[in-house]
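A.B. asks: So the protein lines, in turn, are chains R and B.
Taking this note's numbering, the leading residue of the first sequence gets 1, the next gets one more, and so forth.
Taking this note's numbering, the leading residue of the second sequence gets 1001, the next gets one more, and so forth.
Quick caveat, the hints were computed from the structure, so don't treat them as lab data.
Nothing false has been slipped in among the hints.
In silico lysine-lysine, BS3-like type, Cα no more than 30 Å apart, as pairs:
{"id": "1", "chain 1": "R", "residue 1": "K19", "chain 2": "B", "residue 2": "K1003"}
{"id": "2", "chain 1": "B", "residue 1": "K1078", "chain 2": "R", "residue 2": "K3"}
{"id": "3", "chain 1": "R", "residue 1": "K78", "chain 2": "B", "residue 2": "K1078"}
{"id": "4", "chain 1": "R", "residue 1": "K78", "chain 2": "B", "residue 2": "K1003"}
{"id": "5", "chain 1": "R", "residue 1": "K78", "chain 2": "B", "residue 2": "K1019"}
{"id": "6", "chain 1": "B", "residue 1": "K1078", "chain 2": "B", "residue 2": "K1019"}
{"id": "7", "chain 1": "B", "residue 1": "K1019", "chain 2": "R", "residue 2": "K19"}
{"id": "8", "chain 1": "R", "residue 1": "K19", "chain 2": "B", "residue 2": "K1078"}
{"id": "9", "chain 1": "B", "residue 1": "K1019", "chain 2": "R", "residue 2": "K3"}
{"id": "10", "chain 1": "R", "residue 1": "K78", "chain 2": "R", "residue 2": "K19"}
Number of protein chains: 2
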Amino acid sequence: MSKLRRHRVIERRRVYSGKIVGLEVDRVQIDGREHVREVVRHPGGVVILGQLPDGRIPFVRQHRYPMDEVLLELPAGKLDPGEAPEASAARELEEETGYRAMDLQLVHRFYSSPGFCDELLSFFFSPCLVPGQSKPEEDEILEVELLGLDEALLLAEEGEILDLKTLTALYWLKATRDASTP
Amino acid sequence: MSKLRRHRVIERRRVYSGKIVGLEVDRVQIDGREHVREVVRHPGGVVILGQLPDGRIPFVRQHRYPMDEVLLELPAGKLDPGEAPEASAARELEEETGYRAMDLQLVHRFYSSPGFCDELLSFFFSPCLVPGQSKPEEDEILEVELLGLDEALLLAEEGEILDLKTLTALYWLKATRDASTP
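Please take these sequences and the hints and turn them into a complete structure.
C.D. replies: Next up, the structure:
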């Protein structure tokens, strides 16, 4: 594995430190040649696939500023400073959807864009949601939508779900459910 | 939908323009209150899940600078200026793995991190790879690995695959294959 990790950092420049992201630009040397590495720093986050007793899954529809589009996504959010992923998942789920998870199972951890960003997401599954108390964040404007898995997968096939973490979670559930069906 | 899209941009500041990413920091007004929106700009990219005649899938193992880890991923890359996603997919696949796709099917387009980044990825599937000619990019150092789908899914379950787009593609193939099995 060592031959894949053979860079040497010559200089690190902090270009930006913000509310959600930071940006570093490094000069690195690999095999005697100099390269630039641009790195977006992110605190990490969570995404939650939960199911009500009838199997329906809470989604949120919200405006996403970077592409100026309204996207349909699973509830998600970034970690607060010092916050554990599981606590964050419980908080974000209830804040965004008004449902509470009786049981949160960590399914996967993954990097959303490993080529240029260190954002690590923890994906939780909850098979048993109950009504909680909705407290949307002050600058969050969203609509909750309840969809069955097959309904959501159809929307995905039709290109109506454009969020990568949401697609992963849906296909994971589909693959898992199919595998457990005799 | 209009109630979800009601911001007004007060000021846009270009903080950085680089080789792969750009960074903009906007001041926006929503319902009379001012907020900051940090946006990472990215040219977009591709990811390719291809299968050899025996069903094996080419993966690449490479060092990812942002987290200083070696990750196992499907071949992928960013779009060159003016390059169509399909041409990019054909190019990246052959450059990274040495295999050529006889047929590239666009399965999905998705945003990797819609909360703060506009990166749009096109995911292609190719059921029929043939040997091509490998031409790794000058600053790309990677190892090619051939894995069956079940083998790859086992690695995913064990937490050995940490790249989100790779997980999506694998679970998509698993879900699709299971659905077509009588």
